[in-house]
Every structure is written in C-alpha cells, then in structure tokens.
Amino acid sequence: MPRLSPLPTACSLLCLLLPLRLVAGPEEPWVDLTQLRFREAADKFAGQAETPASLIGRSLALLNRQPRTDDNIEEAARLLRRAAESAGPHEAAAAGYYLGCISQYQLAEPDPARARTQFAAVAARWPEEFFGQLAAVRHAALALYSGQPDPALFAVLTEEAERCTDRAIRRSYHLLLGEAAQRFHQGDDFAYRHYAAAWDLDIALPEQRANILLRLGRLAEKLQRPGEAGRHYGRFLQENPRDDRTSEIAARLAALQEKR
Amino acid sequence: MSRTLRKLGAVAGATLLALFFGYASWQVLGRTRQSLDPGLKVIRIGHYQLESGVRGAIDAVAAAYMRRNPGVRIEQLAVPGRVYPTWLKTQLTGGTAPDLIELAPALMAEDKARYLLPLDEYLAQPNPYNAGTELAGTAWRQTFVDGLINPPAHDADLLQTFGIPSSQFTLRLFYNRALLQEITGADRPPADYPGLLALFRRTVAFSAREGRRLYAAAGSKQNAPTIFYQLFLSQTEAVRKRFDPFGDMQRVYRTTDLAYAYLRGDWTMGSPGPRDGWERIREIGLFFKPGFYQMERDDALFDFVQGRALMIMSGNWDAQSLSSQAPFAVGAIELPLPDARDGSVGPISEGGRETQACFALSRTSAHPEVAADFLRFLGSMEGSRIFAEHSAWLPAVVGVKPPPGLEVFMPRQEGRLGGFRPYFTTSETEPRRVFDENLHLLLGTQGSVDAFLQAFEPAYRDAVKAALDYTRRADRRLLVRQDSLLGAQWWLAQAGQDQALREPAARRLDLLVEMQLQRTSNELWSQWQRERLP
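From first to last, the protein sequence lines stand for chains G and C. Count along the first sequence from 1, add 823, and you get the number used in the working numbering. Count along the second sequence from 1, add 11, and you get the number used in the working numbering.
It is possible that part of the hints are untrue.
To be verified - List time: in silico DSBU-like cross-link candidates among lysine-lysine, alpha-carbon distance up to 35 angstroms:
1. C:K52 / C:K232
2. G:K1045 / C:K52
3. C:K232 / G:K1082
4. G:K1082 / G:K1045
5. C:K476 / C:K52
6. G:K1045 / C:K252
7. C:K232 / C:K100
8. C:K232 / C:K300
9. C:K232 / C:K476
No lab work stands behind these hints, which were simulated from the structure alone.
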C-alpha cells in the first residue's frame, strides 16, 4: 500500500480546492466570467462602483449574455467607449481592443475593415500594453488574410512581432506568420524561422507542440538541413510516444540517419 | 379447508409484507444513521455504464479504497444511458448531483464551467497512489495514455481538464469460433483482407449448401459504418497528404483544407483513392444482412449471439457481454485492411486515442477532498489495474497491463496514418445525412459505385459547403466567448488583488492567448478560402 507523502498531498488538495473558495470583492464577477456565468457577472459588475475595469467587465459579460441581442452589443460598446474616456493605459487598451473585437465578430453584419482600423489604432497607441500587443496580432491576422499578402507586409509584421514584449503574444505572432508564410508560399526558410522563434518561447498547447515539431522537421528536410530535421523528429518521438504519427516519423528519422 | 387455506394465505401475505416493510425500514434507517454519522463520509458516483462487469469494477475499486480509508463509503448510482443526460442535467441544476459523475457528451462547456471543478492544478502534481511504482514522481496528467488532452476528459474550449478516465476503447472484429471451425476447419480467421473476403464468400456458400440462414457479418446503422470508415481510411491517405497545408499530418477530421480543396474541385469522391474506398465498402457491405442499415445495435448483437452471423464489428466494451451471452466461444481480431494503390499498406495506427469513461468532480460535493482522493486512487496504477481486471475494459494508465485475453484489444501503436472518413468535416450532420440517404445505391444488389457517385456527389458538395459554413459560425461564437474569457483571466492574473487566483489565471491565460490567436487565424483562412470558391 503506497504511503502518502503529506506535503505534496496537502499542496495538491489545496490547489484543487482553490476554485471552491468563496471569492468575494472586486474579483468575484471576473471569476464568474471565467466560469461562463455571464448573467451573474453582468449583475455583479453593475452593482459595483463604476470604474473603467467594472465597465469593461460588464461589457464582456453583456457580449455573451443570453439571449444575444443587438441592444446588449450596443450597450457593451457604449460601456467600452465610456471606460476608454477615463481609463489608464491598461483599461484604455483593453477597451479599444474589445471595440475591435465587436466590429470583427459581434455585429449582425461583421465589419472587418473597421475592426482592422480599430486594432491598428490600439496597437499604435499602446504598444507596450498587453491588449495593445494583442490588438497588433489581430490586426496582422486581418491584414494577412484580407487578400494576397506580399513580402513587404511579411517584413513589416516580422519587425512588429519582434517588438512584442509579452511572451505568449509574441509566440502567437510568430505562429501566425509561420502559418501564413506556408499558406501564401513565402518561402520555407521564412516559415521555419518563425516556427523556430515560436518554439523558443515555449509552445503552451500540447497538440500544438507536437505539430510545430513536425512542421520544423519537415521544413528542415526541405531546406536540406537533415541534422536539424532529425533533432526535431527525435524530440517529437520523445515527447509523444503514443501519438498515431510515431511510426511515420520514426521511419523518416531512420531514413535521415541512413542518409547521413 | 379452503377457508383455512385462505386464512393461512392471508397470514402468510401479511407476514411477508411485514418482513419486507421491516427490511426496507431497516435499510432506510441504516442509511439515515450512516448519513448522520459525523465520522463517515459518503461519496456517491453517478454513471451510465450498465455493461456487465463495470459496476462490479467500480465496487472493487471502491472496496480497495475503503479498506485504506475506513471513514469513507463509496456508493454508485448506475443510471440507464438513455435517461442519463436528462437525469444528470436535472441533478446538476438542482444542486443534488452525486459527488462524482461520469462525463456525458450532452454536457456543454457552460455546464462544466458552472457545475464541475477543474482538475488541472491537481493533475500537475504526481499522484501519491503511484508512489513506489514506475510512475512515481510523474505529473498525474502524464500517467494517462493520452496525456488527457482529448475530450471528454479535457474541454478544448475552456482549456481545462474535468475528467479522470477509467478506460480506453478500440474496435475489433468479433467472431464465432465454433461457426468458423464449422465453415473452414480453422480456429482463427485470416489476418489479411483478401483472406477475409474469401472467408465471407465461403460463409455465403456454406449457408446455401447447408440451407442455414447465415450471414458473414452482423450489421446495424451503428456498427456497420465503423467498418466502412476503416476501409475508406485505408484508401485515402495519398489525398490527405496532398492537402496537408503544413505537413504535420494532423488527424484530418478536424481540418478544413481538405474540404475546401474538395469544393474547389481539386479532388472528387470519384478520384483514385476515394473511389477505391467506395469499392471496398461495396465489396464488404454486400455481405451484411439485407436491410442492416435500418437495424439497431442491439439487433445486430442479437443476430451474432444467436449464431446467425459469423462476425460482428464492435467495441471492446462489448467483449465481456458477448462472451457471457453467446453459447459459443467468441474470438476477436483487428479488422484486416486492404492495401492502397498509393502504396500505403498494413494496419492503421490507433495511437493517440482518447481515454474514455471519465469521472468528474461536482462543485456541490460535500467532501470534495475525499472525492478527489478517490479519483486519484481510481486513476493510479493500482486502481486502474483493479478496474481493468473486473470490467474487462482496457486500462487508461500508462504501464498497466491489460488482463489476460484482452491483449488483442489494446490500441495498435505501430501503423500507417490512413486518410479520412467518408464524411470528413467537423460538422457531420449534413454530410452524414447525404451519405445515409444514398448508401442504398452503393450497397443494393443492383447498386454500383458509379450509380452511387452520380447521385451522391452533387448533394454532398452542398452538404460540405453547409457544414463548413456552420463550423465557421460556431467558431465565431466561440471566439467571442473566448475573448471575454481571456479578458477575465488577464484581470485576475495581472490586475487582481487576490494572490491565490493569480498563478492559475496566468497559466490559463498563456494557453488562451495561444488558442485564441490560432483560432482567429484559422477562421480567417477559412473565410479567405470560402470567398474564393468558384
């Protein structure tokens, strides 16, 4: 019978029970939002003293509150505009970002051009802020997929990606550029560099980690870099021993090793 | 005499009634006494696994746990599958759900977020019940064969894990050993596809010769398609590879690039590969009992256990039921697959499969710490071994060997990737309807691949278009919700005053940013392709 070591047991139980703890105060409606309790969150934000944060929180709840109505969306946009008027940089960037999101997906007739302008403005005004950088990636995505992107656009966006200070956003920016480069045939080396930059920033989603390793391996093969390809495939096999792609990748790795 | 008998009957009836009443009262009072016992913690498990052995397996795991924890009693509530979703929703909404519930497909992300406790923080720690085993010190999540990245254990929208799995499932071709011997004189069916076809033909000839009403394979609308999918998968790998935009060989079922390539006319259902798939489906489908597509799963199982069919395709969850109900010995093999003209041969890998029969922790549990501890035992090497031994299901924990005789059901790791199923879009409703409506043209005795494709393909193109549009609308709704979720996590992680909420929120934010921007990019790419369709 295994003996339970008291310290890890206590720690893990404590972690497990954290969500059970009654959260009171200004955080409570934010916790409701994370649990998709949009109606409760909207009511609680409405009951709080009006601050830019509570206005933004209420608008996020309204955007998802059922039934979704044009009135709710309009009210959410109005709250965001009001929040932006009196806010510091954090909240102003957030309010601007969410106004862009409303234009992109919430309206009965989505307006991607308006969303693009909104995201570009937020990214330009608050480049150091989390939501400013998030807006930059959303703007980049809209720019890339609005037509046939040319190499100049890729070059500009690559520079912008390098300037992102938030690790998660920079990682996603590189992934966005890597994928767009493959979809619009901007060159294997260009795509490889972006995937490699994203990889160095620790891919968070397990399925994504596996996929990026295989993309890196495949691109390295195309670029005649068998050593690098082998390293990526080896890492894939090590991290994903029960994936359904292991036989195929093991065979490729063996073929690479034979060539060398 | 008759009066005396009547009196005796009345007395006996009254006595029986009194005895039953007394017994029932004793049971009720006993439960009340136990529930009032402050030293006893009762954990209830609600589930819908009524297959033979599974309830016994839960009892066995519970008994082993209770021996270690004398102050705990584990009780199970087995609810029939047909009413389980309604029952579960009612219990969750009413705040009366059992401490542990089996996750059902009907549970949406909203239900999980609202009524269940995420287990991620817990899964990041080693499972103490694995102490002294090869899994000691390994994060609990990594001790499961799929790393718990798949539904139903994991919710891809919330990016949280709610379920601890107890098993994993595979599909196998079950066969009647006695009948096989009678027909062929052999104890095992052939392991290759041409051999299987020959066996099916031989069965038909045997049936005609002996004047016995026998079919090569029992089929129903549930189990026959599982054979069709496998056959189609085996023939379509080259087409899938051709439209793999990043070359990372992701399972194609979830990608839209193949569907847009289809709508652009880059390939058709009559192209080499898919056409071979239809031919293989017709080849095998003709051996099913006529009208099988109108039959239910239970009808097909009944035909098999009655000895009216040589084989049946089903999941390993049926293995014990089939063996106990059939008056003959039952064997099982992997479905032999045909080689493809593109050169891909041999079996398809079953790696990376989802773990199943997952149990989750209700927010209303009176003893969440005990319920969670029981989950840890259930999800340990020892708990998994006990469960597998009693249920004859496959273990979900790495390194736990299947009970003797179940080795054939373990997922095959080595093998090719395969292509795609006859309907391959994320939203299957419309494509499947068109497939179902036209299948008779393929499988009827007067049918043919050409007749089928002529009717099927035009309707199928519209169905694929509708499915893609539906998926895009669903993705947009999801993006809107995830945007709000992302904002809330940022506030809790960065601006919130509550230190205890900060760290988990920051971890989830990291995942959400990556997921959200990935989905945005995919949605825009989907729109880009949609706008350029001819």
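Quick rundown of the hints versus the structure:
no. : hint              : in the structure
1   : C:K52 / C:K232    : 45 angstroms, violated
2   : G:K1045 / C:K52   : 61 angstroms, violated
3   : C:K232 / G:K1082  : 49 angstroms, violated
4   : G:K1082 / G:K1045 : 14 angstroms, holds
5   : C:K476 / C:K52    : 54 angstroms, violated
6   : G:K1045 / C:K252  : 16 angstroms, holds
7   : C:K232 / C:K100   : 28 angstroms, holds
8   : C:K232 / C:K300   : 12 angstroms, holds
9   : C:K232 / C:K476   : 25 angstroms, holds
Hint compliance for this structure: hints 1, 2, 3 and 5 are not met, and every other hint is.
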